[in-house]
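Two chains, two frames, some hints: make the complex.
So the protein lines, in turn, are chains A and B. Residue 33 in the numbering used here sits at position 33 of the first sequence, and the numbers go up by one each step. Residue 158 in the numbering used here sits at position 158 of the second sequence, and the numbers go up by one each step.
Where hints are given, some of them may not hold.
Stated by the list, open to error - Facing chain B, a subset of chain A residues (Cβ under 7 Å, in silico):
(1) H2
(2) L12
(3) P86
(4) P98
(5) E100
(6) L108
Said to hold, decoys possible - So the derived label-pair ranges between C-beta atoms look like this:
(7) B:L74 to A:Q15: 31 to 39 Å
(8) A:Q45 to B:H23: 45 to 53 Å
(9) A:A65 to B:L74: 39 to 47 Å
(10) A:A79 to B:D182: 50 to 58 Å
(11) A:P23 to B:R218: 17 to 25 Å
Treat the hints as calculated values from the structure; they're not laboratory data. The beta-carbon is built from N, C-alpha and C at its ideal position, and this holds for glycine as well.
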Amino acid sequence: MHEVDMTKCLVLSMQQWRQQHEPQVPRVERVHLQVGAFTCVEPDQLITTWRAAVQGSWLAGAELAIEPVPLVGRCVACASTYAPNPEQAYRSPCCNHPMEEIVSGRELRIRSVDYHLPSEPVAPSSLITACAV
Amino acid sequence: MHMPLEDTLGLNLLAANEHQADHNREHFDEWRLLCLNVMSSPGAGKTSLLERSLAALSSELAMAVLEGDMTTLLDAERLEAVGVPVVPITTGRACHLDAAMVSGGLKLLRQRLDPAGLDVLWVENVGNLVCPAEFEVGEHRKVALLSVTEGDDKPLKYPVMFREADCVLITKTDLLPYLPVDIERIEDHIRAVNPRCAVIRVSASSGEGLEAWHAWLRQERALTLMAQQQVAQRQDIRHAEALAAGGER
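Just chain B, with the same shape it has in the complex (with noise of 0.2 Å):
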């Protein structure tokens, strides 16, 4: 007897992910932080950005980094000398960072500090424009980078990425003037796969456009911030019902 079965319609191929996914966001709602995922080419300055905003940002909010890199810790060590907690997360021959690997360095994170004391958690995904736009590891937002030096045409060439971005940052700015590159065509290819995210071009070398990319940073933390208020305090008055509820009985 071979019948098809209709009831798994909507298990998605990347449910097994998707599950550890949630229970990671859960954790991070649980904790009141910001989960970034941030993603790029190889080479698009990713550890630089991140340098340069846990330098800026470390005296307002509470951070710590899951490193993603395939094979060395050498972004690890760069990010630990501005003295926040890193934990390294080694892929090996993997191309991207999965739901269950940042599991597993949250566990690690865990051994060194209570995440209830973060405001935000940065995923340094590996560089790679492909894959890890497909793999949510349970973050709240998406930010990825492209840097002029890679061409106009990538945001066409890897469109998923830049459509599930919720804010892409255009890096390297400082050295528009001696590119033959047109940033306002990144910018409107961008906008053609993705309307709706922020574009923000900054250089971590001469420092433009970190204050806006920070204010996004900040805006979004207060964004998520409020509705895991919210999801806590329907919680609450449901647990309070259920109470009440019993005590009637």
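Isolated chain A, as found in the complex (with noise of 0.2 Å):
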């Protein structure tokens, strides 16, 4: 259920990233999101989330590929890296350590928007103002 809270977040993010482009509303085709192992998101329902919530606004048609990025943890007494596990108590295999330290697994990033501007300015009565200053 909170996966349609974080789209609600992440279309509140979208529309602080749109106000950059003002007053043009950029066409958003694909917004690429990074999504951790170790975060309380399941990509599949925000995806469905997504298209749902976009429908009918400036975001309608714009994809949500998610790529997933792995829990890695270092180990902090020998330094090497290892996937934590709840069946290891997320500990590590090496040493038997805490997942002291997480290397990868907690993003929840927006790591690139594939877009466009609209070529023609808004309003042409606009584009008659800015020529006679």
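Here it is as structure tokens:
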């Protein structure tokens, strides 16, 4: 259920990004998102809620491309990296050390956005005003 | 023309929430208070613990509570009875508090009192071990509760919550004699996913461990206050330097 709120947050974050381009409204084709394995996000559910959320909005038709990022820990005892798992209580298999350092897996990042700006200015009248100035 | 955009690198999915959380925290720092986000599964004993802690600490610390609850005012009424101001935030169907909801709660709180007079603001989150872990509300510290009746596997099943916590309270320890549960195993699992957090055994009904928990709270309050004062001093110095530079011109 919280994927709905995650999606709301993602849409809000995209709106913040959109402000850079004002007054133009970028046409977004695809949002590339990194989702770490050690987060509370279920990628399939996020894609479903995203499709529902963007319908009829400025993001309509924009795809959500999710790049999963595995959980990787670094054993602080011997500095080797490992894949923490619940069966071993997330401890390092080399030294049985607790999961102190997480190298990756906590990502919830907008990696990049494929978009284009409308080639024509939004309103012809504003173009005329700009030329007159 | 399709341009991959790289200047958004690092923009968090939750950036909008984090922006609001940072804004809330700026207010908390300005008011010199410690904000705690208290989280657990439903029924782990957040409200019972708060009743005890509010009663025990209200003579030395000025406190208020933002009480997240999905549909009812039951918890808020229990805490009001202790004599501490409580602002209920009913989240409807949302299973966690987010920074905007807490901001709304703060507006209501400010109608009742001046938060600058507070030492500690408690945010009691909605009972849930999953999503509250990902939604910051502007807190300085996260406190997670796990009751002994929930089983020793929960830190491994809901690792993000226990990883994010600054303090984990193992609650209802008075029930230990009646349960086939190994508390050391619970602690071991918590420390396996989060070797840095404080782990304290408590019982709101017998009072066991409450003094250790309150000592942790006082210590974090002192550390937060020190950090807030240092930031304020640096701001004062910068402000004075800017004034001096302006005067020389």
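To see whether the hints hold, each was checked on the structure:
no. : hint                        : in the structure
1   : H2                          : 4 Å, holds
2   : L12                         : 3 Å, holds
3   : P86                         : 4 Å, holds
4   : P98                         : 4 Å, holds
5   : E100                        : 5 Å, holds
6   : L108                        : 4 Å, holds
7   : B:L74 to A:Q15: 31 to 39 Å  : 36 Å, holds
8   : A:Q45 to B:H23: 45 to 53 Å  : 29 Å, violated
9   : A:A65 to B:L74: 39 to 47 Å  : 44 Å, holds
10  : A:A79 to B:D182: 50 to 58 Å : 32 Å, violated
11  : A:P23 to B:R218: 17 to 25 Å : 53 Å, violated
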